[in-house]
Each structure stands twice: as C-alpha cells, then as structure tokens.
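Engineer: Residue-level listing of the chains:
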Amino acid sequence: MKRFTREQMAARVARDIPEGAYVNLGIGLPTMVANHLPKEREIFLHSENGLLGMGPAPAAGSEDPDLINAGKQPVTLLTGGAYFHHADSFAMMRGGHLDFCVLGAFQVSASGDLANWHTGAINAIPAVGGAMDLAIGAKRVLVMMDHQTKGGESKIVAHCTYPLTGVKCVNRIYTDLAVIDVTPEGLAVVETVDGLAFDELARITGVPLRRASATAG
Amino acid sequence: MIDKTVASPSAAVADIADGATVMIGGFGTAGMPSELIDALIRNGARDLTIVNNNAGNADVGLAALLKAKRVRKIICSFPRQTDSYVFDALYHAGEIELELVPQGNLAERIRAAGAGIGAFFTPTAYGTPLAEGKETRVINGRGYVLEYPIAADFALIKAEKGDRWGNLVYRKTARNFGPIMASAAKCAIAQVRKVVALGELDPEVIVTPGIFVQRIVEIDVADQLSAPQAAA
Chain S
0 MKRFTREQMA ARVARDIPEG AYVNLGIGLP TMVANHLPKE REIFLHSENG
50 LLGMGPAPAA GSEDPDLINA GKQPVTLLTG GAYFHHADSF AMMRGGHLDF
100 CVLGAFQVSA SGDLANWHTG AINAIPAVGG AMDLAIGAKR VLVMMDHQTK
150 GGESKIVAHC TYPLTGVKCV NRIYTDLAVI DVTPEGLAVV ETVDGLAFDE
200 LARITGVPLR RASATAG
Chain P
0 MIDKTVASPS AAVADIADGA TVMIGGFGTA GMPSELIDAL IRNGARDLTI
50 VNNNAGNADV GLAALLKAKR VRKIICSFPR QTDSYVFDAL YHAGEIELEL
100 VPQGNLAERI RAAGAGIGAF FTPTAYGTPL AEGKETRVIN GRGYVLEYPI
150 AADFALIKAE KGDRWGNLVY RKTARNFGPI MASAAKCAIA QVRKVVALGE
200 LDPEVIVTPG IFVQRIVEID VADQLSAPQA AA
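If you read the protein sequences in the order shown, they are chains S and P. Here the first sequence stands for residues 0 to 216, where the numbers follow numbering that gives the first Met the number 0. Here the second sequence stands for residues 0 to 231, where the numbers follow numbering that gives the first Met the number 0.
In case anyone wonders, no lab produced these hints; they're calculated from the structure. Note that this is a predicted model, so its numbers are computed, not measured. Glycine included, each C-beta is placed from N, C-alpha and C at the ideal position. Among the hints, a few may not be true.
Here are some chain P residues pointing at chain S (derived, C-beta under 7 Å) [what the hints assert, rightly or not]:
id : residue
1  : A29
2  : A63
3  : K66
4  : T81
5  : P101
6  : A106
7  : R110
8  : A112
9  : A114
10 : G115
11 : F120
12 : T127
13 : Y147
14 : P148
15 : A150
16 : K171
Bound conformation, chain S alone (with noise of 0.2 Å):
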C-alpha cells in the first residue's frame, strides 16, 4: 500500500498553518512541520521553555546552552522573538492564545481523546512533560502520527487504551494514509493518499469513518 512519507505529512500539516499563526510544535515528527511552513509566511513558534519566535537551529559552532527548544536542542531567536517564564509560558498555552499546537499520540480516540505520554507500562518512568497543557491549550490540536502501530493495529480507536494526555481535544488527525477531522458528528476523512479507497481506509481504521463534505477543512 502506497503512503504518505513524513516529509508528504509535514508538508500537508504546513499546508493548514497560516499567516500569523502562534504554534507550538511538539516533541519529534511535528518538528519536522517547521521545516515546511513556507518562508515568506510569518509565523510564530512557541516554545514551552519560554520562547516566542523560534527560529531554525544555529550553525555549527554558534550553539548557545541558554538558547534551547523544549526538545533541549540549541535554537536561535527570530529577530522580533520574546524570552518569558515558565507560568507565561504556559499562561499562552492553557490561555488559549496559541493557534495551533502539533502533537505526536500513541492513540487517538474517535471522539478525539489523546493518548501520546504513557504507554502505562509498568516498569516505565513517567514523564508527562507540556503534553497535557498544549492537548487542552491551543485553539486547534493537529495530530501525526502513522495510521497503525507496527503490528498492524489501528490508532484510531473507540477508546483509548493507553493512559490518556486529553479528553475530546483532537481537532484533525494527519496520518500515513490519511487526514482526518474529528467533528461532534464522528470522524469525517478529508483526504486519503493516492490509490487507498474509502471503504479499504474504512476496513483499516476499525472505526466507524465518514467522507467530509467538500467545503470541511
């Protein structure tokens, strides 16, 4: 089966983000969304750690330990960008100032219930991190991650079974095969990648799916 590539589901995630935006992008794939967003767009990236306007990491030699993402990974500072504490910080996340936030999940549930901290594993250390604070946060909570877990299971449940980040906060899930919204009527697919019909997506996810109208997006 043909499927999207990460650098195809970055790109499709940057399509949706536009001008003016504030966005926080999370932890491993959505880092990758920064290297598409178009650069004649402005847009602003937050960073948990205390930063507005986010730039590109340095160049060799030019890394600054103070200047770090929430990744702790040496960034620089857009000219325009903004340091602050952590509780605002945080104040823009569970505010409701921040656009758009970029979420990697174990599991998405059909009502849009996240699960992307724990997998409950009982020799695990939890760590929790700003993952709750941005699931519940942002205006719009995009999600990536693949359609199914290496054994072939779907990741878009009924019900979460790993410890969930958030409950009904997913907006729109971006997969390997699919982009999909999470709308109060269920889940509407909005595209599919070239060649996966609807019913074989329908077969695959397990749950019950619907197209979105021409006009959803």
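Got chain S sorted already, so can you dock chain P onto it with the hints?
Structural biologist: Okay, now just chain P, sitting in the frame of chain S:
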C-alpha cells in the same frame, strides 16, 4: 545599607537543613544553578524534597545531588531523559519518591504559592490518570482539576545579572522557572554571572524585583558557555 550579596555559594546555602523543600531552577541544564547545587551537596543536608522540571542530567548538578542520596522526593514534570540514569536507577530501586506534575500545572502551582493563591482549578490533566483522586469541577461546561500551590523553604536559581537589592535579569531561555521559584520560596538564592551596581539594571527591564530575592552570589560562569554541555 541593604546588601543581599553573599561571598560564596557555600555561605549562601549554609542554613539549608535536613528535610527542607528546595526549588531548583532550570530546564535541563539551561538555567540550572550548578554551583549552588554543588554547595548544597557539600552542605550535607539530606531528606530533601526537590522541585525541578526534570530529574537531573548525567552526573552533574541535580543528578549529583540525587546520586549523593540527599533527596527523598522529587516533584517534576519530565524525569525521563536520555541521560537521567541517576534518577532512573534510584526510581527503579524504590529509593526516591516521584510526584509527576504536568509542566504547566507545575509552573502555575509554583506561581500560585508566590502569589498567595490558596488553590486553583485548571483544565490541564482533567480526565487523565494525573488527576486521579483530585477534586474536579465542571465550570461553564468544561472540566477542571483543583490544584494546590507548591511552596518551598529555599529556591536556588540562576540569573545573568543582579544588584545588591536582589533585582535580577536573566539570559535567554535560562529564565524558565527562575522568576516564579524566587517568589514561591521563603528564601530565594540567586547565582548571577555578574553583580552590578545599584541603578545599572534598567528598571523597565528588571524581570525579578528584589523583594523576591533574599541572597545573591556572583559566579562568573562565562567560560562555561564554551564547556561541553550534557545532552538533552
């Protein structure tokens, strides 16, 4: 004349006693007051409760304090990192208690302590395992969790510049938890790269006003900027 400067890190932390709750600034190693932590290790206090975003990197700073078995409990949001092996071993051995707090709740609970708030309702973690056993309420159709402040006996933070009244400015993302931890501790101790003369800090850009800072120690760590840093 009011002079909050202290001669050495050891003198600054001398009265941190067994059982104290100590906030430590920093996000990873950015803003971590390593020299104050080293002084706390030399001080010998044990049975500490530590509040930090993480649980130490490699063998330095907070990780060294954990390794010295001085910490009974840690309150943090993200203990597990690629180089958090000191914490990981203590945790698996059952030798340290962990209170895991979503990062924004951690920041707001610290802020609340400094601002005199008795408790607050937050939407973060509602309906998740981290809200289990906590009081909840639905307000205007949205679920919230009741969270209580986190106050401390001491805060150890790092800033860029300070003056003898305790006014502070920070450097880039090393600011992180510094300002709110300073306000939430009975005694906030700041290590600064440079102590400057009163009046040299522009009053319009002072980030932490001196009322929140009790002690200030100058440690010129400029040469640390070129030293190898621990990985994330």
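Engineer: Each hint: holds or not?
Structural biologist: Status of the hints after comparison with the structure:
1. A29: holds (5 Å)
2. A63: Given a least distance of 18 Å, the restraint on A63 (chain P) is violated.
3. K66: violated (17 Å)
4. T81: violated (9 Å)
5. P101: holds (4 Å)
6. A106: Holds. Min distance 4 Å.
7. R110: holds (4 Å)
8. A112: violated (11 Å)
9. A114: violated (9 Å)
10. G115: violated (14 Å)
11. F120: violated (11 Å)
12. T127: holds (5 Å)
13. Y147: violated (16 Å)
14. P148: Nearest chain S Cβ about 12 Å off; hint violated.
15. A150: violated (15 Å)
16. K171: holds (4 Å)
When held up to the earlier numbered hints, the structure conflicts with 2, 3, 4, 8, 9, 10, 11, 13, 14 and 15 and fits the remainder.
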